[in-house]
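K.L.:
With the sequences and hints as input, model every part of the structure.
Protein chains in written order, with our numbering: chain A, 1 to 110; chain B, 1001 to 1112.
If you are wondering where the hints come from, they were derived from the structure by calculation, not from laboratory data. Idealized CB from N, CA, C, for every residue including glycine. Incorrect hints may have been included.
[Unchecked claim] Below, a sample of chain B positions facing chain A; criterion: calculated Cβ distance under 8 Å:
| no. | residue |
| --- | --- |
| 1 | P1039 |
| 2 | G1042 |
| 3 | L1043 |
| 4 | G1058 |
| 5 | N1059 |
| 6 | E1100 |
| 7 | G1104 |
| 8 | P1105 |
| 9 | L1109 |
[Claimed, not checked] Derived pair list, reagent style DSSO-like, types lysine-lysine, alpha-carbon separation capped at 30 Å:
| no. | chain 1 | residue 1 | chain 2 | residue 2 |
| --- | --- | --- | --- | --- |
| 10 | B | K1057 | B | K1001 |
| 11 | B | K1001 | A | K70 |
| 12 | A | K57 | B | K1001 |
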Amino acid sequence: GQQVMQIPQYQHVQEGEDFTTYCNSSTTLSNIQWYKQRPGGHPVFLIQLVKSGEVKKQKRLTFQFGEAKKNSSLHITATQTTDVGTYFCTANQAGTALIFGKGTTLSVSS
Amino acid sequence: KAGVTQTPRYLIKTRGQQVTLSCSPISGHRSVSWYQQTPGQGLQFLFEYFSETQRNKGNFPGRFSGRQFSNSRSEMNVSTLELGDSALYLCASDTGGAGEQYFGPGTRLTVT
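P.N.:
So, in structure tokens, the structure goes:
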């Protein structure tokens, strides 16, 4: 089945620095979803990208879907301590299971 | 709408016992998926139920089973518990298409 890989696995930044996590697949994806899990919490849906080259923004978060629909990135501008958590990318098609990668765990020091 | 609920939230069991976890999806959602989350392995897919039928299954032993009822509520059962089954078990519901999943708070299972 399709699988997505994320890098880096861990990232520590100083508050105010930018952060980017990358998601890569060996196969073309029909869509990609991003989730965030705070420490002690459960995954929460952030966004879904469907179109080739799509870029979506949510305040300080920018999500991109590659032209070939095989990779995606999440960029956070000027991180804050509230951004701490693990960010997962995943992909699915109707009728197939949603397979999560191991995610990127972000820590932020003030 | 009420969110996904899971019961119990915490559970302590002994090796060899069995356990049943429950998940109530968001009203109108017909698909329920179960995941096991551990620090070392991350989020691992267990199985998905849609309209009372298992639609997808992950790579877990037969000790892990599940079912879904006509009201879309789902249960998962783990028999002959092992220490390695200690984990956070999450369920997620969705409409059954390729859209976002809504996760419950999870059941923290500790096997001693």
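K.L.:
Honestly, which of those hints from before does the structure not fit?
P.N.:
1, 5, 9, 11
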